[in-house]
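Okay, here's what each chain looks like letter by letter:
Protein chains: 2
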Amino acid sequence: MPIYKAPVRDIMFVLDEVLNLPEVDLPGYSEATPDLLQAILDEAAKFAENELLPINQIGDQQGCTRHADGAVTTPDGFKEAYQKYIEGGWMGIAASKEFGGQGMPRPIGMVMEEITSSANHSWTMYPGLTHGAAAAIKIDGTDAQKQKYLPKMTSGQWTGTMNLTEAHCGTDLGMLRTKAEPQADGTYKVTGTKIFISSGEHDLSENIIHLVLARLPDAPMGTKGISLFIVPKYIIDEKGESGERNGVICGSLEEKMGIHANATCVMNFDGATGYLLGEENKGLNSMFIMMNGARLGTGVQGLSHSEFAYQNAAAYANDRLQGRSLTGPKNADGPADPIIVHPDVRRMLMDCRSFNESARLLTGWASILVDKSLIGESAEIRQGAEDILGLLTPIVKGIFTDMGFENAVKAQQVFGGHGYIKEWGMEQCVRDARIAQIYEGTNGIQALDLVGRKLPANGGRGIQTYFKIVQDLINETKDNDELKAYTDNLQKGLGRLQSASMWLMQNAMANRDNAGSASYAYMHLMGRVVLGHMWLWMGKTCTDTLAAGTSDEDFYKNKLLTGRYFMNFRLPETGTLLKQIEAGSEDMMALAADDF
Amino acid sequence: MPIYKAPVRDIMFVLDEVLNLPEVDLPGYSEATPDLLQAILDEAAKFAENELLPINQIGDQQGCTRHADGAVTTPDGFKEAYQKYIEGGWMGIAASKEFGGQGMPRPIGMVMEEITSSANHSWTMYPGLTHGAAAAIKIDGTDAQKQKYLPKMTSGQWTGTMNLTEAHCGTDLGMLRTKAEPQADGTYKVTGTKIFISSGEHDLSENIIHLVLARLPDAPMGTKGISLFIVPKYIIDEKGESGERNGVICGSLEEKMGIHANATCVMNFDGATGYLLGEENKGLNSMFIMMNGARLGTGVQGLSHSEFAYQNAAAYANDRLQGRSLTGPKNADGPADPIIVHPDVRRMLMDCRSFNESARLLTGWASILVDKSLIGESAEIRQGAEDILGLLTPIVKGIFTDMGFENAVKAQQVFGGHGYIKEWGMEQCVRDARIAQIYEGTNGIQALDLVGRKLPANGGRGIQTYFKIVQDLINETKDNDELKAYTDNLQKGLGRLQSASMWLMQNAMANRDNAGSASYAYMHLMGRVVLGHMWLWMGKTCTDTLAAGTSDEDFYKNKLLTGRYFMNFRLPETGTLLKQIEAGSEDMMALAADDF
Chain A
19 MPIYKAPVRD IMFVLDEVLN LPEVDLPGYS EATPDLLQAI LDEAAKFAEN ELLPINQIGD
79 QQGCTRHADG AVTTPDGFKE AYQKYIEGGW MGIAASKEFG GQGMPRPIGM VMEEITSSAN
139 HSWTMYPGLT HGAAAAIKID GTDAQKQKYL PKMTSGQWTG TMNLTEAHCG TDLGMLRTKA
199 EPQADGTYKV TGTKIFISSG EHDLSENIIH LVLARLPDAP MGTKGISLFI VPKYIIDEKG
259 ESGERNGVIC GSLEEKMGIH ANATCVMNFD GATGYLLGEE NKGLNSMFIM MNGARLGTGV
319 QGLSHSEFAY QNAAAYANDR LQGRSLTGPK NADGPADPII VHPDVRRMLM DCRSFNESAR
379 LLTGWASILV DKSLIGESAE IRQGAEDILG LLTPIVKGIF TDMGFENAVK AQQVFGGHGY
439 IKEWGMEQCV RDARIAQIYE GTNGIQALDL VGRKLPANGG RGIQTYFKIV QDLINETKDN
499 DELKAYTDNL QKGLGRLQSA SMWLMQNAMA NRDNAGSASY AYMHLMGRVV LGHMWLWMGK
559 TCTDTLAAGT SDEDFYKNKL LTGRYFMNFR LPETGTLLKQ IEAGSEDMMA LAADDF
Chain B
19 MPIYKAPVRD IMFVLDEVLN LPEVDLPGYS EATPDLLQAI LDEAAKFAEN ELLPINQIGD
79 QQGCTRHADG AVTTPDGFKE AYQKYIEGGW MGIAASKEFG GQGMPRPIGM VMEEITSSAN
139 HSWTMYPGLT HGAAAAIKID GTDAQKQKYL PKMTSGQWTG TMNLTEAHCG TDLGMLRTKA
199 EPQADGTYKV TGTKIFISSG EHDLSENIIH LVLARLPDAP MGTKGISLFI VPKYIIDEKG
259 ESGERNGVIC GSLEEKMGIH ANATCVMNFD GATGYLLGEE NKGLNSMFIM MNGARLGTGV
319 QGLSHSEFAY QNAAAYANDR LQGRSLTGPK NADGPADPII VHPDVRRMLM DCRSFNESAR
379 LLTGWASILV DKSLIGESAE IRQGAEDILG LLTPIVKGIF TDMGFENAVK AQQVFGGHGY
439 IKEWGMEQCV RDARIAQIYE GTNGIQALDL VGRKLPANGG RGIQTYFKIV QDLINETKDN
499 DELKAYTDNL QKGLGRLQSA SMWLMQNAMA NRDNAGSASY AYMHLMGRVV LGHMWLWMGK
559 TCTDTLAAGT SDEDFYKNKL LTGRYFMNFR LPETGTLLKQ IEAGSEDMMA LAADDF
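Chains A and B are the protein sequences, given in the same order. Throughout, my numbering is defined as the position within the first sequence, counted from one, plus 18. Throughout, my numbering is defined as the position within the second sequence, counted from one, plus 18.
To be clear, the hints were calculated from the coordinates, so they are not data collected in a lab. Please note that a few of the clues may not be correct.
No copy is singled out in the list; a pair is fine if it fits within one copy or between any two copies.
Below 27 Å or equal to it, Euclidean Cα-Cα: the simulated DSSO-like pairs (lysine-lysine) are [claimed, not checked]:
| no. | residue 1 | residue 2 |
| --- | --- | --- |
| 1 | Lys300 | Lys164 |
| 2 | Lys156 | Lys300 |
| 3 | Lys164 | Lys197 |
| 4 | Lys510 | Lys558 |
| 5 | Lys597 | Lys502 |
| 6 | Lys64 | Lys97 |
| 7 | Lys597 | Lys575 |
Being a predicted model, the structure only gives us computed values, none of them experimental.
Model the full structure from these sequences, guided by the hints.
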């Protein structure tokens with residue numbers, strides 16, 4: 019049986035000691051005192067460990083079942099766990115109090131997603147997509163729409179979905195064909211087929227609020243002719259309750275590599291009643307609001323898998339006796355040493371661990387930036403946060419999910435043959451982790467978003483600001499001998515990121531394929547610098563705390579050692595990445611398409 | 019439906035134009051004329067494409083079924099395909115004529131394994147393991163044993179297996195517990211349980227010849243007390259035919275991530291009659307003979323998956339319309355451009371392609387070295403081949419299977435969401451490819467074998483010889499302007515490999531953990547240099563052919579472009595790998611084991 023313990027101590031370190039939530043100047047943050055945080059996290063840990071983890075393997079084995087009428091049954095225990103989740107008020111933990119939420123800072127909501135996704139990725143997607151759908155209604159909905167949908171989506175009585183993809187278009191939504199015909203009563207009849215709809219149909223919630231992209235008759239071609247509609251599974255009656263069944267059903271479930279317990283649906287809309295959300299033909303804007311939030315959440319799934327994988331591999335490596343240490347027996351009385359004595363096993367564990375701890379801080383920081391960009395006091399604060407958040411979003415989505423998958427594979431490797439069989443749960447982790455690199459915009463699309471849109475935005479203001487943030491921290495810490503491996507490696511990495519940015523400025527205008535060929539390596543280069551930046555930030559906190567004296571010295575010393583590994587082993591990867599960027603697009607584009 | 023066409027033209031280029039098989043001074047090689055090669059490859063292609071590919075997805079869906087009596091049924095069509103395989107004489111294509119084989123050069127046998135594994139990995143493992151078992155009997159068996167088993171294993175009437183792993187020991191075979199008690203008639207009673215036995219039980223062949231590692235009573239502890247036994251499923255009667263059922267049955271089948279159509283068995287030996295193969299207590303030596311052959315074959319599976327993945331992704335990328343080229347529409351009349359216009363899609367395809375073509379040459383070269391090491395004319399030739407082959411074996415196994423898996427994942431990524439669903443066959447490719455990094459010695463073990471055993475062997479004679487081979491080729495080609503990207507990058511890579519080797523000499527003696535911490539990066543550094551070496555070798559052939567004039571110019575020009583991509587994008591990775599080696603073991607080993 020796979021194990022998992024929510025990393026509460028590490029999360030407290032990040033939220034309280036590094037980010038110091040109560041001191042952040044945003045509404046609701048001052049309430050996030052260490053005591054309250056600890057209490058929330060302890061409860062979250064219990065819920066994930068006791069309710070979600072035990073049904074994770076069962077869910078993978080059973081999958082979902084679609085019945086002849088289009089109804090979908092989730093695996094054993096999923097419904098009960100969801101009931102406990104909404105009873106615990108978890109759905110609205112970071113939602114606005116206005117609609118019944120608890121109004122806690124967003125980092126706490128994100129941490130909850132990390133924990134529940136570690137324990138059960140498939141299950142977490144049912145409430146998870148609801149957050150994105152609610153966000154779009156909150157921003158673009160009329161007051162009546164907000165009152166109608168948000169309280170029940172905040173309590174979890176209803177869930178939400180995002181309906182974008184069609185068989186012939188995923189990335190390129192401009193080609194979508196689902197149509198919406200205006201009716202005399204101000205509603206629309208929505209008709210078309212959507213595919214790959216996560217949580218599209220299930221038995222967890224009383225109603226499902228679908229957000230659907232569709233075209234009005236005579237809408238302009240391409241992305242400027244797409245509108246967004248609210249299409250509830252059950253039409254809301256005059257009392258605000260779920261009423262008549264709407265014309266949307268699940269046509270079939272996809273057979274997938276993983277996340278078997280999440281219902282990935284083909285959704286058939288057959289003249290379903292829909293309500294325009296936001297303005298006509300501006301649906302893609304609203305969808306991007308949902309997607310940007312969803313992209314951070316998807317990134318966090320990478321962290322979740324890496325944490326789960328790490329914990330299991332570390333336990334196995336301490337348990338499995340096989341061979342002897344190269345430097346002489348470490349368990350001389352036993353038949354062999356535990357495999358954790360082998361440096362190459364350590365390498366795989368340290369790759370996971372040094373990613374997890376830095377990714378967790380980046381998640382927290384990015385979440386604060388989301389709140390700042392939405393509810394910051396001044397336009398300047400909001401814009402400043404938006405500048406950095408725009409850059410970090412593709413990094414969190416692209417790098418976390420790439421490393422999350424790679425780390426799941428590494429942890430599986432620690433198990434040898436036992437990692438390949440189902441019993442230990444590691445192969446499920448690998449299969450489940452894989453989707454996060456693909457959905458919510460493939461990681462190649464994230465890289466293009468970063469290089470083609472976020473980097474040049476406002477004349478490069480965001481990246482210049484970010485360079486300064488990192489350089490200031492290096493300057494502040496560079497005389498600290500204990501952080502020498504940190505500042506030296508990060509300075510080199512930052513220099514390479516600056517060189518890469520310069521190369522793009524000089525070469526991408528002349529030949530835009532140079533932006534494309536550089537994009538993936540650039541995202542990975544920047545990802546390593548950003549995680550290195552997180553490590554220097556944590557390193558500073560650790561040396562400060564150790565200097566001030568603490569009863570928990572080992573904790574901080576181990577953090578410093580883990581960060582040093584990241585700096586010495588992962589930051590140097592920026593060297594190769596820069597070379598790959600500078601190699602340009604010529605070799606990639608040289609072959610004729612039909613010679614492939 | 020996934021596609022696959024055996025890459026016959028590319029194989030002909032490697033075997034005939036680069037390696038020039040008929041000119042190799044080894045028995046049987048002169049027969050491998052271009053006409054014969056072409057005829058064999060055309061037939062092999064037909065068999066793989068028409069018989070094996072169509073049952074690959076079916077096999078994944080159905081898996082194997084174990085019945086109450088321990089019998090195992092393979093998926094629909096597997097038995098019929100096997101029958102055609104042995105009727106075609108494929109099992110013995112590269113086997114010695116003495117036992118009924120066709121005596122063709124080993125590279126042809128390896129190419130056959132590449133092709134059949136691309137079309138159907140699970141199926142290929144049934145005949146595949148037979149080759150290793152037969153090799154051990156051929157080297158260590160008595161004449162009577164050879165006469166008894168080899169003709170029927172060469173024809174394919176009987177198959178073979180390797181029984182090594184037990185629940186508590188895989189890598190560390192010294193701990194194994196299966197026992198063999200000598201009987202008055204010279205046979206042994208073998209008792210114990212083996213796990214993870216590929217093709218351990220099935221319905222394809224009339225008999226299954228298990229090779230089993232076990233301990234004699236009072237055998238020394240550890241690896242020096244292990245003997246090897248032949249344990250046939252049906253005991254061979256006086257006429258040499260399958261007779262009485264032996265005391266070995268399949269206790270259960272493992273539930274795995276992939277290769278569902280191969281029966282991975284728990285094998286229960288209950289006083290089964292066994293026959294000693296080779297000398298008492300020296301069974302591990304014989305097992306290593308099997309394993310070394312098996313490791314090349316396992317490496318080739320990585321190439322097989324990468325080739326299959328590449329072909330499917332290239333076809334999809336040419337077919338799928340989505341978005342527009344960054345440099346303006348390339349399919350202006352269509353609703354969008356095919357995604358192959360995007361540099362980042364090209365990157366994934368070029369990574370696959372540039373690996374496949376160089377890995378294919380390395381497979382061929384290594385196979386010649388195997389023949390040279392076994393049947394070379396002089397002891398000097400045999401030893402010289404063995405020196406290089408020893409180094410290349412962990413590279414082929416470790417690098418091919420790592421890159422094979424990575425390329426399967428990249429090709430899956432080209433498909434976006436469609437790569438994650440079962441229909442397109444890409445997720446099966448990823449799941450199947452994963453096992454090759456684990457079995458036949460995990461890739462971490464390959465790296466340790468390379469750094470701890472092969473590199474220091476005979477005072478480093480092998481690696482010094484290899485450095486000279488590469489340097490000589492660089493010297494020979496460095497004035498060729500068309501190969502400048504090749505020679506420049508390979509020279510740098512070779513320099514880094516030499517620096518890394520020097521670092522190991524200087525640091526691994528003082529602290530053996532430095533060998534462990536460097537091992538994986540060293541294997542990958544050397545792997546890139548070796549594949550770069552293959553590209554320079556092919557590049558030289560191409561420029562020579564183009565200079566001499568050819569009617570097939572595009573073929574050679576595309577090869578040169580593909581190689582240039584590998585040189586400019588993959589060789590620079592040696593820079594980071596050297597840094598990781600030089601970072602040493604300190605950071606990896608710093609944490610206490612129980613702090614993980």
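Comparing the hints with the structure gives:
no.: 1; hint: Lys300 <-> Lys164; verdict: within (19 Å within a copy, 77 Å between copies)
no.: 2; hint: Lys156 <-> Lys300; verdict: within (16 Å within a copy, 74 Å between copies)
no.: 3; hint: Lys164 <-> Lys197; verdict: within (24 Å within a copy, 73 Å between copies)
no.: 4; hint: Lys510 <-> Lys558; verdict: within (18 Å within a copy, 38 Å between copies)
no.: 5; hint: Lys597 <-> Lys502; verdict: both (25 Å within a copy, 17 Å between copies)
no.: 6; hint: Lys64 <-> Lys97; verdict: within (18 Å within a copy, 51 Å between copies)
no.: 7; hint: Lys597 <-> Lys575; verdict: between (34 Å within a copy, 24 Å between copies)
The structure is consistent with each of the numbered hints, conforming to all of them.
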